[in-house]
Amino acid sequence: MATRIVERNLDLPDSMFAYSKAMLLNNPEFYNHSIAFEPFYYQKYGRYLSAYSKRDGNDVKVRQGGSDAYQYYYMDWYLLPQLLEHPCWTEPYLDMDVATGTKERVASYCQTIHDRSGKVVGVVNTSIALNWLSKTIEERKPYPNSYVIMTGRGGTFFAHPDSTKILCQSIFTGTIEHPDTARVALGHAMQRGEEGMKWLNYDGQDCYVFYKPLGDTGWSVAIVCPENDIFGDYYKLRRMVVALVIMGLLVMFIFFVNIITQQLKPLRLLTKEAGTIASGRFDIVLPDFKRTDEIGQLSESFGEMQQSLVTYIDELKETTATKAAIENELRVASDIQMSMVPRTFPPFPERKDIDLHASMTPAKEVGGDLYNFLLNEECLYFAVGDVSGKGVPASLFMAQATRLFRTLAGEGFSPEAIANSMNSALCEGNDTMMFVTMFIGVVHLDTGQLDFCNCGHNPPLIDGEFITFKYKNRPLGLMDGIPFQGEILADIRGKQFLVYTDGLNEAMNTEKEQFGNERLQEILSTSRQFTACQVVDMLKEAVEQHRAGANPNDDLTLLCLKIEKRDNETMKQ
Amino acid sequence: MKSEVLKICSLITVITLASALAGKAQERFVFTPQWKAQSQFAGYYVAQENGFYKEAGIDVDIVHPTSTQQVMSRIRNNECQATTMSLCQALEVIDKGVPLVNILQTSMNCAIVIVSAHNVNPLTQKGARVGIWSSGNGQLAECMSKKDGLNYQWIIAANTVNLFVAGAVDAIVAMNYNEYYQLMQAGKQLSETNVYRFCDHGYNIQGEGIYMTYDYYVKHKDQARRFAEASRRGWEWAAAHPEETIRIVSKYVKANRSGTNSEIQTLMLKEVLQLQIDRESGKREFRLRPDMVKRASQLMVEGEMIKREISYAQRGHQPCQPDVGRGGASDDGHHGPCGDGFEHGNPNCGA
Numbered sequence: 001m002a003t004r005i006v007e008r009n010l011d012l013p014d015s016m017f018a019y020s021k022a023m024l025l026n027n028p029e030f031y032n033h034s035i036a037f038e039p040f041y042y043q044k045y046g047r048y049l050s051a052y053s054k055r056d057g058n059d060v061k062v063r064q065g066g067s068d069a070y071q072y073y074y075m076d077w078y079l080l081p082q083l084l085e086h087p088c089w090t091e092p093y094l095d096m097d098v099a100t101g102t103k104e105r106v107a108s109y110c111q112t113i114h115d116r117s118g119k120v121v122g123v124v125n126t127s128i129a130l131n132w133l134s135k136t137i138e139e140r141k142p143y144p145n146s147y148v149i150m151t152g153r154g155g156t157f158f159a160h161p162d163s164t165k166i167l168c169q170s171i172f173t174g175t176i177e178h179p180d181t182a183r184v185a186l187g188h189a190m191q192r193g194e195e196g197m198k199w200l201n202y203d204g205q206d207c208y209v210f211y212k213p214l215g216d217t218g219w220s221v222a223i224v225c226p227e228n229d230i231f232g233d234y235y236k237l238r239r240m241v242v243a244l245v246i247m248g249l250l251v252m253f254i255f256f257v258n259i260i261t262q263q264l265k266p267l268r269l270l271t272k273e274a275g276t277i278a279s280g281r282f283d284i285v286l287p288d289f290k291r292t293d294e295i296g297q298l299s300e301s302f303g304e305m306q307q308s309l310v311t312y313i314d315e316l317k318e319t320t321a322t323k324a325a326i327e328n329e330l331r332v333a334s335d336i337q338m339s340m341v342p343r344t345f346p347p348f349p350e351r352k353d354i355d356l357h358a359s360m361t362p363a364k365e366v367g368g369d370l371y372n373f374l375l376n377e378e379c380l381y382f383a384v385g386d387v388s389g390k391g392v393p394a395s396l397f398m399a400q401a402t403r404l405f406r407t408l409a410g411e412g413f414s415p416e417a418i419a420n421s422m423n424s425a426l427c428e429g430n431d432t433m434m435f436v437t438m439f440i441g442v443v444h445l446d447t448g449q450l451d452f453c454n455c456g457h458n459p460p461l462i463d464g465e466f467i468t469f470k471y472k473n474r475p476l477g478l479m480d481g482i483p484f485q486g487e488i489l490a491d492i493r494g495k496q497f498l499v500y501t502d503g504l505n506e507a508m509n510t511e512k513e514q515f516g517n518e519r520l521q522e523i524l525s526t527s528r529q530f531t532a533c534q535v536v537d538m539l540k541e542a543v544e545q546h547r548a549g550a551n552p553n554d555d556l557t558l559l560c561l562k563i564e565k566r567d568n569e570t571m572k573q
Numbered sequence: 001m002k003s004e005v006l007k008i009c010s011l012i013t014v015i016t017l018a019s020a021l022a023g024k025a026q027e028r029f030v031f032t033p034q035w036k037a038q039s040q041f042a043g044y045y046v047a048q049e050n051g052f053y054k055e056a057g058i059d060v061d062i063v064h065p066t067s068t069q070q071v072m073s074r075i076r077n078n079e080c081q082a083t084t085m086s087l088c089q090a091l092e093v094i095d096k097g098v099p100l101v102n103i104l105q106t107s108m109n110c111a112i113v114i115v116s117a118h119n120v121n122p123l124t125q126k127g128a129r130v131g132i133w134s135s136g137n138g139q140l141a142e143c144m145s146k147k148d149g150l151n152y153q154w155i156i157a158a159n160t161v162n163l164f165v166a167g168a169v170d171a172i173v174a175m176n177y178n179e180y181y182q183l184m185q186a187g188k189q190l191s192e193t194n195v196y197r198f199c200d201h202g203y204n205i206q207g208e209g210i211y212m213t214y215d216y217y218v219k220h221k222d223q224a225r226r227f228a229e230a231s232r233r234g235w236e237w238a239a240a241h242p243e244e245t246i247r248i249v250s251k252y253v254k255a256n257r258s259g260t261n262s263e264i265q266t267l268m269l270k271e272v273l274q275l276q277i278d279r280e281s282g283k284r285e286f287r288l289r290p291d292m293v294k295r296a297s298q299l300m301v302e303g304e305m306i307k308r309e310i311s312y313a314q315r316g317h318q319p320c321q322p323d324v325g326r327g328g329a330s331d332d333g334h335h336g337p338c339g340d341g342f343e344h345g346n347p348n349c350g351a
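From first to last, the protein sequence lines are chains A and B.
Take the first sequence: its position 179, counted from the start at 1, is 179 in the working numbering, and no numbers get skipped.
Take the second sequence: its position 68, counted from the start at 1, is 68 in the working numbering, and no numbers get skipped.
What the hints contain is simulated information worked out from the structure, not anything from laboratory work.
As the structure is a prediction and not an experimental result, all values here were calculated from the model.
All C-beta atoms, glycine included, are put in the ideal place defined by N, C-alpha and C.
Take these hints with a grain of salt, some might be off.
Said to hold, decoys possible - Sample of chain A residues lacking proximity to chain B, with all beta carbon distances greater than 10 Å (derived):
1. 40
2. 46
3. 103
4. 129
5. 148
6. 174
7. 205
8. 246
9. 250
10. 314
11. 331
12. 347
13. 517
14. 553
To be verified - Result set (DSSO-like, lysine-lysine): computed pairs, CA atoms no more than 27 Å apart in a straight line:
15. 141(A) with 198(A)
16. 212(A) with 198(A)
17. 165(A) with 270(B)
18. 165(A) with 251(B)
19. 119(A) with 126(B)
Kindly produce the complete structure, drawing on both the sequences and the hints.
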């Protein structure tokens, strides 16, 4: 409006003072007003014509604003609208009135004056004070410690709670020497006239900054809200909750530790007593907890267990003593049993033609195997037997069988006669139905003929080959009445003859694998030239190796016999 | 009786001498730095605050000009006895018929830069609108524009930074210790691309020095020498005590309501002190270099800023002698330059 009036009255330069004054009088919100012209536009006024009006109390004073000391045409407000070619606001600045010594934060709205040809001949400048604006905005505090800042195009503060920063510092101040990308980004966003929010450390405090442009002035306003202000209550509540939870957990911990300690006290006592009992003091008195819950039941059970343990230990002692007595008896029985078989080798040292060696190894203290031999003139009787079962009953049965064999062999009976007689004797009163397999043989040393009767026993080997029986006799002691049948081998002289019990070929290792006939034959095939003793030892060692630490599963009895032709016989041949 | 007379005579002598000394201390001297209060003039504030001027027997009054006032108008109007100016500005004044004497050269280098608002090399902005100081210190930029055929359209303004920030100009002429940092404080990105430094392109002409009119100098040689020495002392103290100096500067900034802050002033002081160090000698020399005068004069003639070259030493003067008193007049009876000569009363010249 003012500009149009001025442009219509360019030919009345004196009236510019009146126009300027009228503008202030009619617009109480204006701080000052000036209508300024290009240097020498009016020759009458020379270089300067700036009709400058300013309030003076309730009055308005108007005067020439231009001088050598104030060449207004170099000022922002005069240049900006011309250069930008549109009306605009200047950056806020401190207006100093030297005459009155007053100062005020102001910003100017400037508009060019054109002559009829459209040429710019001057500028109308209207200033408003910013104090009221910044004061109004600064009073808006959403949070106790929040504050408002306003910046110009260059980021310079013209509203800030710290008055020393106003028009002296910008939002970028401090970032030149100490780069702060977050702050610079905020400043640039405000300069670009953007609206938004940023979270950053502002002046040493984590803050949320909400910013918005101030119309088309190029300025920006921002509310700086310390994070603690916004989330202070939330953080306080969170801290309280966390503290309460920690305290609760602590109380619960102490409570439960106490409870558990109390509850476990009897258990600890029981553990201690158990340790004492374990050390051998079975007679200690357990504490009475006088409780009926699980702990009381456990204590009661523990007491019962203690009593049972005491009883068990007593019984164990008794059993151990009994067992020791039995073992002692068994050792005696073993000695007796072993004394029943010939154990002196060579048995007939004067007879160089007889190479005989035997061995009996019971699986337990006493066994059910037997071997025996005796020389009756030129007849060498021998027998190898295996009583059914093991242990003491078998040993007693073996002892009886051994006694019968020696008696009958001493009488010079044939093997089948010995078998028949032994069978009759063993069947008598044999309620336990024990029996004994037995190979009974007699070698006529002068001819080398072997008469034998095999009573259900393993087939012996001759020169490593199993003998094939013509007749199949039953073991001794099973049934009486059916006669045993004997057989003959013409001449076994010079041959290796091995009689054994099933403790040899059925010896098992830990994998339950048997020693086997094949292995037996294989070993014997390499031992033809060995003595009877060597053969027996070699087989025992082979069995031991095969068992590889496994306990013997049966008695092992071996008898190896080699009859050599006598010298005169050899010479005859 | 005789002793009484002697005593009275002695007393009169002492009083007379004291009065003479007191009268000397009362010599009033108005010094006008060419711009508003800031670290650019730190050495003078220091000399004032630390009493160096007083010790030199000068009552110095530092009076800053208004934002649109050219300092020479103050000298012409006898509003001040000395002012600061750049070498080129001084040459222009001399060319216009005002003989000047340089009594102290503070800057050994050129601080002028051109900053592009469009992040391009200012040399590519032919015909661009370029802001330049209304206080009249941009002669070198104008010479360069003509010499390099850039034909800048000069926008003379009191505050070029505001025009730059508002996007009203394509570039501005700036001082590397002042507007340069103001632009940075306004969030502008400055780089080797958009900043043209005169000192790096054959225009390293000495900047600021203290000048007074030849007439005043001739009449007050001793005062000029003492003022120059005290000012130099102030600068040397400032260089040695930058933190204390900033505190002193802040006092003047506050008194003159300069609208700045200590960060900017600290950076400015650092840069101004750096400008005082001669690139070749690596020393703070405080002297006007004859070769610089010659170079500046040639550039100004080529740029049609002055009508003819102004030489360093005219008519047999010995301006580079330590004796200040001999800088203003020659033994051959000629008194001062007549528009075509350049006087130098710098006591440190040739040091």
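Status of the hints after comparison with the structure:
| no. | hint | verdict |
| --- | --- | --- |
| 1 | 40 | holds (15 Å) |
| 2 | 46 | holds (15 Å) |
| 3 | 103 | violated (7 Å) |
| 4 | 129 | holds (17 Å) |
| 5 | 148 | holds (20 Å) |
| 6 | 174 | violated (6 Å) |
| 7 | 205 | holds (20 Å) |
| 8 | 246 | holds (46 Å) |
| 9 | 250 | holds (51 Å) |
| 10 | 314 | holds (100 Å) |
| 11 | 331 | holds (110 Å) |
| 12 | 347 | holds (122 Å) |
| 13 | 517 | holds (105 Å) |
| 14 | 553 | holds (100 Å) |
| 15 | 141(A) with 198(A) | holds (18 Å) |
| 16 | 212(A) with 198(A) | holds (12 Å) |
| 17 | 165(A) with 270(B) | holds (22 Å) |
| 18 | 165(A) with 251(B) | holds (16 Å) |
| 19 | 119(A) with 126(B) | holds (25 Å) |
In summary, the structure is inconsistent with hints 3, 6 from the numbered list given earlier, while agreeing with the others.
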